[in-house]
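*Asks:* Two chains, two frames, a set of hints: combine them into the complex.
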Amino acid sequence: MKKTILSLALVLATGLLFAQKKTTTSAIINFDATTSIDKLPKAENKTVIASLDTRTGKVAFEATVKSFTFSNPRIQDHFNNAGWMDSEKFPTASFTGSIVNLKDVKFDKDGVYSVSVKGELTMHGVTKPVETKAIVTVSGKSIKTAADFSVKLEDYGVNGPAIGAGKVAKEPSITVLAEFN
Amino acid sequence: MLTKKITKGYKKWLIILFVSLLAAAAVVWYLFTLKYDDTATVKADYTVNAADFIKEFRQDMKAANTKYSEKIIVVNGTVSAIEAADTTMNIKMIDTAQNGAYIIFAFQQQHLAEAKAMKEGDKVSIKGSCSNGAFSNILETEYITFKRCAVNTEK
Chain A
168 MKKTILSLAL VLATGLLFAQ KKTTTSAIIN FDATTSIDKL PKAENKTVIA
218 SLDTRTGKVA FEATVKSFTF SNPRIQDHFN NAGWMDSEKF PTASFTGSIV
268 NLKDVKFDKD GVYSVSVKGE LTMHGVTKPV ETKAIVTVSG KSIKTAADFS
318 VKLEDYGVNG PAIGAGKVAK EPSITVLAEF N
Chain B
103 MLTKKITKGY KKWLIILFVS LLAAAAVVWY LFTLKYDDTA TVKADYTVNA
153 ADFIKEFRQD MKAANTKYSE KIIVVNGTVS AIEAADTTMN IKMIDTAQNG
203 AYIIFAFQQQ HLAEAKAMKE GDKVSIKGSC SNGAFSNILE TEYITFKRCA
253 VNTEK
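If you read the sequences in order, they're chains A and B. Note that the working numbering has the first sequence beginning at 168, numbered continuously upward. Note that the working numbering has the second sequence beginning at 103, numbered continuously upward.
Hints are computed from structural coordinates only; laboratory data are not their basis. It cannot be assumed that every hint is accurate.
Rough simulated footprint, nothing fancy, chain B against chain A, three-plus residues with beta-carbon under 8 Å [stated by the list, open to error]:
{"id": "1", "segment": "226–232"}
{"id": "2", "segment": "238–251"}
{"id": "3", "segment": "318–324"}
Computed from a prediction, not measured in an experiment: that's the story for all the values here. Backbone N, C-alpha and C fix where the C-beta goes; we use that ideal spot for every residue, glycine too.
Bound-form chain B, shown alone (with noise of 0.2 Å):
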């Protein structure tokens, strides 16, 4: 009776050792794993006319990083510029009537080609996440930086 009990006491703490070890394996292989989404498929949080989006930036930096910063954001402007970037293409969009300040796109792997279809003086909505907005040393004005960047097709 006495052995009995004690073998199904022991049954019970090693099952639930087992579902705990599986539970801590399945979260570490879900946070290993873990990648972003297309940029294409994520809603954005703000919609913006590049000149404007550049004067923000240029008029409280500090707010607009705080407001922006980490956020998708869907930019509407013309392609004032493309640079080769290794394989790669960064598009640039420069508002010459603001000392040049410039936001620039890198796209994500899978838009790759949308970049690359593109000309200097085309209209273009892109979405991407807003890394930070700063001020360079070396070009002497502000600019923005976008990551994981995808052309935009939400109306």
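Next up, chain A with everything else stripped away, as it sits in the complex (with noise of 0.2 Å):
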């Protein structure tokens, strides 16, 4: 009995030893939609949320769309407003997803990892996969995790004037950063 107890803890804080999601409050997303003409539809959030589950390579993130910072503030109204990303109906964007090839990580060791994860973006109330190429940095207890990709604005139902014109790039980049520690 004593026996079964005793293996029955070992598993239990094994497995509190690795529970292994972990998270930060501090990730962020810059986003990229100058065109030749302006070069001013640009905005980095600093305080989106991002977990990473290094035994099941699961990944996530949810953004706040007023948390955008563009360095004009014409441009981030027009970036909330109804025309754009409403963000008064939409007031954030978020992903889940995967590392695809996971086995190719190993967390406990130093070094830098080509990934790749697949997931679901959604943002301005549209749900679309998406798959991208990312970067994992394990350096002793802090990994870190970088990736890039681009959106088509029209798939995800933003169409505003400023697309149309050429103002605001059809399919602006999208750069995520992580920090866990």
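*Replies:* So, in structure tokens, the structure goes:
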């Protein structure tokens, strides 16, 4: 009986020790929709929530749309208004997915690993599949992740006149950076 | 006589066109170079205590967002965590008594040194633009984000 309890305790302790869902509330998303005629539609959100489960490879992030900061107040207003991201109606954007080649990443060994991430991005109330390459950097207890991808605004129902006029890129690039400690 | 009249009229329209073009260029230049003011110099719309502020959002998220979103707010509270975000720092006030709900402050570039000087447990007064409150499915708690923050020096 004692042995059974001890074994159960060990299993539980091991599970807790290796409970691998790491989170941060300070991930960064850079959004770049600049074009040759307008360099202003570029923003950064530094308060993104992100998670990484090193056991299952599940990754996720949530971003408040109004937290994207532009240098120009007018562009920020445009970004949030109904003609673009409509942040009143759709206050957050999110991603849930998984690292496809999880077996290639050794989270207990320092190194830089190339991974492929597959999942679903929800933006402007529309959910679409996304697949991208990402880099995972393991250094001691720190795990840094970086991913670059682009999205077609049209796919997410974003069709403002500025896009048609070439002032906003039709496929802005998005960079997601997260550090888990 | 007639030629003089035509020349005079032509000149008048040329001046109007020139002034209009100048005005349009000035408006475009103004709009394109518009920047946010330094938050430290902007008058706050509200001054709140962190725990009460979180409570207000948890009780009615929609009403709180309507009231506070995009407003300049001074939040008084205790620093619970300092999180590095690339080359910047975010300050967090967490309310463990309210399901770990938290407020997070991203600082304006010119005020980053103020955030870097803060330590956990410090009682601080931060002024910033309240973005929004929301529920996190990842953390399973409520959170409120601030942007363009600075240490509040107003009394």
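*Asks:* Now tell me, hint by hint, if it's right for this structure.
*Replies:* A quick look at each hint next to the structure:
Given a C-beta distance limit of less than 8 Å, the hint that chain B covers the segment 226–232 of chain A holds, as 5 residues qualify and 3 suffice. For the segment 238–251 of chain A, the stated coverage by chain B holds: 4 residues have a C-beta nearer than 8 Å to a C-beta of that chain, and at least 3 were required. Residues of the segment 318–324 of chain A lying with their CB closer than 8 Å to a CB of chain B number 0, which falls below the three-residue condition for coverage.
The structure is inconsistent with hint 3 alone, although it conforms to all the rest.
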